[in-house]
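Top to bottom, those sequences are chains U and H.
Residues 11 to 124, numbered by this note's numbering, are exactly what the first sequence covers, in order.
Residues 22 to 131, numbered by this note's numbering, are exactly what the second sequence covers, in order.
These aren't lab readings, by the way, just hints derived from the structure by calculation.
In this text the structure is predicted, and so the values were computed from the model without any measurement.
We treat Cβ as the ideally placed atom computed from N, Cα and C, and that holds for glycine.
Just so you know, not all the hints are guaranteed correct.
Unchecked claim - Partial list, computed: chain H residues near chain U (C-beta under 8 Å):
#1 Q55
#2 G64
#3 L70
#4 Q72
#5 R82
#6 N84
#7 S86
#8 A99
#9 Q128
#10 F130
Stated by the list, open to error - Here are the simulated distance ranges between beta carbons:
#11 U/R23 x H/E24: 29 to 37 Å
#12 U/K24 x H/R76: 48 to 56 Å
#13 U/R120 x H/G104: 21 to 29 Å
#14 U/N94 x H/P61: 16 to 24 Å
#15 H/G104 x U/S77: 26 to 34 Å
#16 U/Y20 x H/S73: 32 to 40 Å
#17 H/Q75 x U/L37: 22 to 30 Å
#18 U/E25 x H/S49: 40 to 48 Å
#19 U/N28 x H/S91: 17 to 25 Å
#20 U/E25 x H/A100: 48 to 56 Å
#21 H/R76 x U/K93: 22 to 30 Å
Unchecked claim - Some residues of chain H that are not near chain U, with every Cβ distance over 10 Å (derived):
#22 V34
#23 E36
#24 N43
#25 D48
#26 F57
#27 L65
#28 D88
#29 S90
#30 A100
#31 L119
#32 T123
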Amino acid sequence: DGGITQSPKYLFRKEGQNVTLSCEQNLNHDAMYWYRQDPGQGLRLIYYSQIVNDFQKGDIAEGYSVSREKKESFPLTVTSAQKNPTAFYLCASSPSGTVNSPLHFGNGTRLTVT
Amino acid sequence: KQEVTQIPAALSVPEGENLVLNCSFTDSAIYNLQWFRQDPGKGLTSLLLIQSSQREQTSGRLNASLDKSSGRSTLYIAASQPGDSATYLCAGYNTDKLIFGTGTRLQVFP
């Protein structure tokens with residue numbers, strides 16, 4: 011079955027450590043996205059990529075980094091510069107990244123930093 | 022700044038009721054709109070996408086409409102079932118970005 015796989019489901023880290031969240035898709039989608047979800051807030055865009063080897067900052071990119079070396083993979087690194095990293099992180103993809111292209115989501119990674 | 026309001030924030034109904042969930046954008050310049058369902062601790066599942074040339078979409082017991090002149094969308098759920106219990110989010114494209122609402126938490130009890 012085609013889909014988006016995020017791993018791990020839960021992640022615990024100490025403050026000051028970098029951590030990388032995995033996102034893999036086998037839908038052959040061109041565009042991939044990372045969102046952050048916090049209680050009581052709408053999803054906020056961190057980074058997105060419309061094509062391999064290219065990515066753009068979203069609304070809250072500070073303290074995060076990404077890479078897009080392969081079409082199927084879009085890992086997100088949460089660095090120690092991110093002031094409030096504890097959140098639910100969602101990866102998504104869409105066929106083309108255009109306006110009428112529907113988003114498909116993974117099941118998320120819950121990151122807790124203490 | 023574009024903001025999205027979803028009303029009600031939470032809803033608890035008995036099985037069998039017909040429901041209307043509302044989504045409203047402060048800036049009515051919305052190109053399209055997508056409704057999602059989110060179960061606790063899970064990702065979002067796409068329910069309906071109303072594309073820029075459309076006014077409504079239907080899938081089974083779900084019907085979504087978009088009024089671009091007012092920037093409002095409604096999701097109609099017919100004959101609700103306990104399995105419909107989840108959080109429902111709307112998201113609309115405004116210029117170059119997708120804006121998400123905070124969701125309506127729905128509980129349908131037997």
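Quick rundown of the hints versus the structure:
no. : hint                        : in the structure
1   : Q55                         : holds (6 Å)
2   : G64                         : holds (4 Å)
3   : L70                         : holds (5 Å)
4   : Q72                         : holds (5 Å)
5   : R82                         : violated (20 Å)
6   : N84                         : violated (17 Å)
7   : S86                         : violated (17 Å)
8   : A99                         : violated (22 Å)
9   : Q128                        : violated (17 Å)
10  : F130                        : violated (24 Å)
11  : U/R23 x H/E24: 29 to 37 Å   : holds (32 Å)
12  : U/K24 x H/R76: 48 to 56 Å   : holds (51 Å)
13  : U/R120 x H/G104: 21 to 29 Å : holds (24 Å)
14  : U/N94 x H/P61: 16 to 24 Å   : holds (22 Å)
15  : H/G104 x U/S77: 26 to 34 Å  : violated (39 Å)
16  : U/Y20 x H/S73: 32 to 40 Å   : holds (38 Å)
17  : H/Q75 x U/L37: 22 to 30 Å   : holds (23 Å)
18  : U/E25 x H/S49: 40 to 48 Å   : holds (43 Å)
19  : U/N28 x H/S91: 17 to 25 Å   : violated (45 Å)
20  : U/E25 x H/A100: 48 to 56 Å  : holds (49 Å)
21  : H/R76 x U/K93: 22 to 30 Å   : violated (43 Å)
22  : V34                         : holds (22 Å)
23  : E36                         : holds (27 Å)
24  : N43                         : holds (15 Å)
25  : D48                         : holds (15 Å)
26  : F57                         : violated (8 Å)
27  : L65                         : violated (4 Å)
28  : D88                         : holds (18 Å)
29  : S90                         : holds (19 Å)
30  : A100                        : holds (25 Å)
31  : L119                        : violated (7 Å)
32  : T123                        : violated (5 Å)
Checked against the numbered hints given earlier, the structure breaks hints 5, 6, 7, 8, 9, 10, 15, 19, 21, 26, 27, 31 and 32 and satisfies all the rest.
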